[in-house]
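There are 2 protein chains.
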Amino acid sequence: MTSAEAKEGRKAKPESRSPQALPETPDAAIAGKLKKVLDGPFEETKDEIRANLNREEALPQVEGTLEEIRAGLLEKVKMIGETGMMQTAFSKRNGGSGEAHLGINGLDLLAQVNDSLAIKSGVQWGLWGGAVDVLGTDRHKEYAQGAMNLTKLGSYGMTERGHGSNVQALQTTATYDPETKEFVINTPSPMATKTYIGNTARDGRWSAVFAQLYTPGVEESHGVHCFVVRIREEDGTPCEGVTIGDHGHKGGLLGVDNGTLTFDNVRIPREALLNQFADVDEEGNYTSPIESSNRRFFTMLGTLIRGRLAVGAAGAGATKSSLAIALKYAHQRRQFNTGDENKEAKLIEHRVHRRRLIIPLARTYAIQLLQNKLVQRYADQTSAQASGEWSVTDPTPKQADAAREMESLAAAFKAVATEHAMDAIQEARESCGGAGFMSENMLTTFRADTDVFVTFEGDNMVLLQLAGKNLITAFAKELENPSPMDLVKFAATNVTDIVRSRVGLGTAGQSVVDTFTSEEASLFDAEYQLKVLALREQLVLRSLVRRIQSARKLDRAEAAKVVDGAQDHLVNAAWAWIESLMAQAFIEAEQELPEGSTERAVIEQVRNLFVLDTIIRNAGWYQEQNVLSSGRVKAARAAINDLVDSLGPWSEVLVDAFAIPEVVLDRPMFKDGGTDDSQGKEAWNVGSNISITKRYGEDKGDPAEHADA
Amino acid sequence: MTSAEAKEGRKAKPESRSPQALPETPDAAIAGKLKKVLDGPFEETKDEIRANLNREEALPQVEGTLEEIRAGLLEKVKMIGETGMMQTAFSKRNGGSGEAHLGINGLDLLAQVNDSLAIKSGVQWGLWGGAVDVLGTDRHKEYAQGAMNLTKLGSYGMTERGHGSNVQALQTTATYDPETKEFVINTPSPMATKTYIGNTARDGRWSAVFAQLYTPGVEESHGVHCFVVRIREEDGTPCEGVTIGDHGHKGGLLGVDNGTLTFDNVRIPREALLNQFADVDEEGNYTSPIESSNRRFFTMLGTLIRGRLAVGAAGAGATKSSLAIALKYAHQRRQFNTGDENKEAKLIEHRVHRRRLIIPLARTYAIQLLQNKLVQRYADQTSAQASGEWSVTDPTPKQADAAREMESLAAAFKAVATEHAMDAIQEARESCGGAGFMSENMLTTFRADTDVFVTFEGDNMVLLQLAGKNLITAFAKELENPSPMDLVKFAATNVTDIVRSRVGLGTAGQSVVDTFTSEEASLFDAEYQLKVLALREQLVLRSLVRRIQSARKLDRAEAAKVVDGAQDHLVNAAWAWIESLMAQAFIEAEQELPEGSTERAVIEQVRNLFVLDTIIRNAGWYQEQNVLSSGRVKAARAAINDLVDSLGPWSEVLVDAFAIPEVVLDRPMFKDGGTDDSQGKEAWNVGSNISITKRYGEDKGDPAEHADA
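Residue numbers (the working numbering), protein chains in the order written: chain A, 23 to 731; chain B, 23 to 731.
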């Protein structure tokens, strides 16, 4: 990082400043080759799901009363149930295939079609079903199977009004009563009301309720545990002692029936405790194979890791559909003359339009390629756990560290994918103008439905801080949930080791860049790019550690203030880390394509665009730290324009590679949105869903003739 | 710009690096003093409107069928009609007060309460009414008055399916028939269908239709003109030859009934031409007091200037309400322990939370203060025009330039205010977590309703390019709508003059910074800040001019490509310009507060935060251009954290100064969202709108007692 770069007065070699422009006429056949890279190891299962989802009935319903929309969504969930796509994620013990990772890809694909459907499915199979499957044992088989076959609709009763992000502080209690051999579930205060619980206001009959576990003779809670609680009778009336509230209308996901739950000393059998990681015997003795209560807590939250990967994937799914819709429109719609005075230019031919869609598209590729890596890693982990090679309750130190890193990866991936979804879907909507605002073209529904993704399953800002803290502690298992003081102490004693010990994606150990000597390298060189991003990751982390370390002589409260003051720094560190991993995943994936091929040239430009945009997002920082010279940053800026120009004609091929189910792309604006003369002569109203209230004067002639008048 | 700055190895003086921290305990009385600055010259009229709007019935309706929501909104519009607030904007001739600018403030305040209501009101009174009022003459009095008193509901029939942003290319025709003394309005192709027209699908009886005007014996169109066309009979059936379509469900503004209009040779009287700026006599001779057809077109689009200011103001209105809601929540809601192990910290006490809300808050102040300037300037212009001092049809060269500058100001203001609305409302929503996603807390409705603001009344990206082009031509009237070649020629011949001729806000001429020698100045010095922003404005413009000038030897098509390639540069130039004006307006406004007073200290910190954030948004550019050293940029970054820390306790006072109608701030989450012990003991469900479907076990005791169990 001595940055010989900074001295760069010399001009870089011209060839390193501009990318080689791609042919102006795109080759549609490339889409299939790119699709293989994007689908990665999951192409076959994804294609099966795509075929299942390619139906009109799967699309979101936006009109109607809340009750109609909710009822309609439940029918769609049943339709998904019949495909079997979500049940494969369950363990073999419960009749699934044990491929938990398939649920993550499933959410991605569902979200490409209908995000309400994705989330309600996710609650039923992933959260309710997942909790019972993962935290339960053989005695809970009926619940797992009921979740799978939809005879038991259920919810995930974690969040409380008072505590959403801070799960360890939940207040609902589960007190064991040895006399009746029951747990008593109770809501001690309004703040302990279970809140925003999906699948609850209308449909749920069961809930996986998280509560502080108390046993006789032990004053302190054993921590948060999960219990199966019946909340409604079969006929839909709430069970005795259970009060169910309805959140009513929300900013999106209208069909998902979010509600509240309060428990007035509701009695459930002892066996309702999901006892994979802790149990209470008939006498009320608490046992757990995991000694540390902190470790136990995080083990039980394991479902959240899958949930976070799935929510990130769902955000990415909605992003892919939105960009596909907007880019296809941009290749058709014309507005404003440029060079040719007789014909308006296609939107994609305008520079600003290319920038606003193709830059987010490049990032979407990067997210997909990281997602593939993470899903594969998650699959490997769960399969090792299923085979017994990897004990969940007693992992080797290396496994424990890897599990911790997986938590961070899921947290940061969820944050980066869902934040990108907000930005990219909004750009897609705006770049379709008024048509983009019509619900029939789906973009506003994607936007509204995915909005809550940035705060549920863990608020992004909290998740990024979590990931940032884990970077400081280098995922050491003894620091599962570090207090501010823990962080300070750890930083103070381990400062030199921390930056070196990073392990990357768990594939090839990523080398630490000690000095940055590549100032002569091309901006388009993959290795150079990786170094530039990795260096940011390391420098931000190093300065964060120093900053936190500075609190070592302060008292507890003052030290906590320093850590709190470093929140934005923690967030930056996590961002830099995950972006570096995105680039790494991208570069690895592109190597699957033959060198020298057109498809390789295309995907390399997409990667260049992603990396250079990431650098420019941090253009200030790179110069402040003397990592990049102003000349190099300017060159990166210019290269971005060259890249969007080069990729412009190819951008439809790039979204075709997403293989979005066709029913999603059958939007009315494609049939009536162009401004070609040829289109102007088309028959009237061919595509639009606009309902004509009344047409007068039709006797004057057929509308199609009218068009020629 | 020689940038002695760049050499800065010396450390800046410490006092220039950190702001003086404000007292930790805020003074609530400051809110009233800040309110005076924010309301500016309009305090009295705004307070009247606030009182009128502070009622439950004005709030948005989110649930129900589309028909119910639309019907409900029409009733709300009638309620607004009774207050008379929107009618004052009409000319004295038609019975208004001639204070057109009041409609802009009116939209701001309406949008603080209900954006659907703001937009439907804006269509009825501002667009339909405004077109008739401004473009019509005495013979159109009945329409103006019908628009005012709601006996004539109408729409603004401009946008077509094929042409939204490119208004000059509209295809609807109005052909004069001297035999019957009528115009024949016709839609020649599906692409010419009037589209997204508000107040049309359900309620409108009339429309101000924009069409190419043809007269006998003249082959070419006289350009786009506006006609009053009846579209429905009183009973609601479409008029003969008029086909009305319904866009149905949209991404927001659900109550606004957007529809389509097609005309099958619909005959309207000759007098239906709004003939303020052009007329056709009985024989079919066309006359206009404005010779240039281009100039005539832009004069007729004058209503759009007011519309754009109003949409910008409406975006700012929704932003103010959203930030007020989110910041008040942040001062109440607690989550996560920091220093104090027994009590969780308020959200506002977390650094990340302060950053995400207070930085947008500072920008919101800047937008408000610019808005005040622009509304005042618009008021001065319209009043001079009404008095005859300023002829609309034959202005002095200075007036013509000023009018052109006003167009650019309105365009850029609309863009900056609505883009900010998207970002800030989203931050507000996210920072309230799950509660922010519940419609009862209003944030998602603000977000969804304002979404289309960024593309309607002119797409922001198009408007910014328009403003950028006007900067190049220095608002010269002969270049009203410059072709790419015009731009190139102008840039080639006027390059040295362009940057110097900028006239600023029309108040004190803003001096051009020739060299930048203030490296010793404090980051918190207002004059220094202004120079830093103005320098960016000028340098971006200068490099833009050079870039475009480079095309002077190319042929027309190639030159157009160069201009198209400079689109992002045009956008940057417009951004830099408007941000510089925001800072200027801010600094002028803050001087109304007594020096040395607490209120002055507070508002100065808000301005510091706005300016430093604007600099950091362009941190890369400032270093690339050697305008700021890396040390100075780092200092600005650090100062932003210091400023949000200092302003944190004051941030509730800062939003109280917006004087949002109280009914908006009466959100359920304020009653149940904290996590204080005291709140935990409160009675159950005091505030939430959650509907309890059924409560079992109520006989076991009163819920309020239950809370203490």
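The hints are simulated quantities; they were obtained by calculation from the structure and are not laboratory data.
Just so you know, not all the hints are guaranteed correct.
The list cannot tell twin chains apart, which means a pair is met if one copy fits it or any two copies do.
[Unchecked claim] With a straight-line cut-off of 35 Å between C-alpha atoms, the simulated DSBU-like cross-links for lysine-lysine are:
{"#": "1", "residue 1": "K511", "residue 2": "K68"}
{"#": "2", "residue 1": "K656", "residue 2": "K575"}
{"#": "3", "residue 1": "K163", "residue 2": "K68"}
{"#": "4", "residue 1": "K368", "residue 2": "K575"}
{"#": "5", "residue 1": "K55", "residue 2": "K511"}
{"#": "6", "residue 1": "K575", "residue 2": "K114"}
{"#": "7", "residue 1": "K350", "residue 2": "K583"}
{"#": "8", "residue 1": "K553", "residue 2": "K100"}
{"#": "9", "residue 1": "K58", "residue 2": "K420"}
{"#": "10", "residue 1": "K114", "residue 2": "K365"}
{"#": "11", "residue 1": "K350", "residue 2": "K368"}
{"#": "12", "residue 1": "K511", "residue 2": "K365"}
{"#": "13", "residue 1": "K100", "residue 2": "K420"}
{"#": "14", "residue 1": "K350", "residue 2": "K203"}
{"#": "15", "residue 1": "K350", "residue 2": "K55"}
{"#": "16", "residue 1": "K203", "residue 2": "K511"}
{"#": "17", "residue 1": "K511", "residue 2": "K656"}
{"#": "18", "residue 1": "K57", "residue 2": "K583"}
{"#": "19", "residue 1": "K553", "residue 2": "K656"}
{"#": "20", "residue 1": "K350", "residue 2": "K656"}
{"#": "21", "residue 1": "K693", "residue 2": "K583"}
{"#": "22", "residue 1": "K511", "residue 2": "K163"}
{"#": "23", "residue 1": "K583", "residue 2": "K656"}
{"#": "24", "residue 1": "K114", "residue 2": "K368"}
Consistency of the hints with the structure:
1. With identical chains, the CA atoms of K511 and K68 are never at most 35 Å apart, being 46 Å at best within one copy and 55 Å at best between copies.
2. Taking CA atoms no more than 35 Å apart as the test, K656 paired with K575 passes between copies only; the shortest distance there is 26 Å, against 43 Å inside one copy.
3. Taking CA atoms no more than 35 Å apart as the test, K163 paired with K68 passes inside one copy only; the shortest distance there is 28 Å, against 65 Å between copies.
4. Taking the shortest Cα distances, K368 and K575 sit within 35 Å of each other only across copies (26 Å), while inside one copy they are farther apart (63 Å).
5. Within a single copy, K55 and K511 get their C-alpha atoms no closer than 51 Å, and across copies no closer than 47 Å, so neither meets the 35 Å cut-off.
6. In this assembly of identical chains, the alpha carbons of K575 and K114 never lie at most 35 Å apart, being 53 Å within a copy and 73 Å across copies at closest.
7. In this homomeric assembly, K350 and K583 come within 35 Å of each other (Cα to Cα) only across copies, at 22 Å, whereas the closest approach inside a single copy is 50 Å.
8. In this assembly of identical chains, the alpha carbons of K553 and K100 never lie at most 35 Å apart, being 49 Å within a copy and 63 Å across copies at closest.
9. With identical chains, the CA atoms of K58 and K420 are at most 35 Å apart within one copy only, with a shortest distance of 33 Å there and 63 Å across copies.
10. For the identical chains of this complex, K114 and K365 are neighbours neither inside a copy (61 Å) nor across copies (45 Å), given an alpha-carbon limit of 35 Å.
11. In this assembly of identical chains, K350 and K368 lie within 35 Å of each other by CA distance solely inside one copy; the values are 11 Å within and 46 Å between copies.
12. For the identical chains of this complex, K511 and K365 are inter-copy neighbours only, at 23 Å across copies versus 68 Å inside a copy, given an alpha-carbon limit of 35 Å.
13. Taking the shortest Cα distances, K100 and K420 never come within 35 Å of each other, neither inside one copy (42 Å) nor across copies (70 Å).
14. Taking the shortest alpha-carbon separations for K350 and K203, neither the intra-copy value of 62 Å nor the inter-copy value of 46 Å comes in at or below 35 Å.
15. Taking CA atoms no more than 35 Å apart as the test, K350 paired with K55 passes inside one copy only; the shortest distance there is 19 Å, against 52 Å between copies.
16. In this assembly of identical chains, K203 and K511 lie within 35 Å of each other by CA distance neither inside one copy nor across copies; the values are 45 Å within and 90 Å between.
17. In this assembly of identical chains, the alpha carbons of K511 and K656 lie at most 35 Å apart only when taken from different copies (27 Å versus 41 Å within one copy).
18. In the homo-oligomer, the alpha carbons of K57 and K583 lie at most 35 Å apart only across protomers (33 Å), although the nearest pairing inside one protomer, at 48 Å, exceeds that limit.
19. Within a single copy, K553 and K656 get their C-alpha atoms as close as 19 Å, and across copies as close as 23 Å, so both meet the 35 Å cut-off.
20. Taking identical chains as interchangeable, the C-alpha atoms of K350 and K656 lie at most 35 Å apart only when both belong to the same chain, with a minimum of 31 Å there against 42 Å between chains.
21. Taking identical chains as interchangeable, the C-alpha atoms of K693 and K583 lie at most 35 Å apart only when they sit on different chains, with a minimum of 29 Å there against 58 Å within one chain.
22. Taking the closest pair of Cα atoms, K511 and K163 never come within 35 Å of each other, the shortest separation being 45 Å inside a single copy and 79 Å across copies.
23. Proximity of K583 to K656 under the C-alpha cut-off of 35 Å is restricted to the inter-copy arrangement: shortest distance 21 Å between copies versus 38 Å within a copy.
24. When the C-alpha separation of K114 and K368 is checked against a cutoff of 35 Å, the pair qualifies neither within a copy, at 53 Å, nor between copies, at 45 Å.
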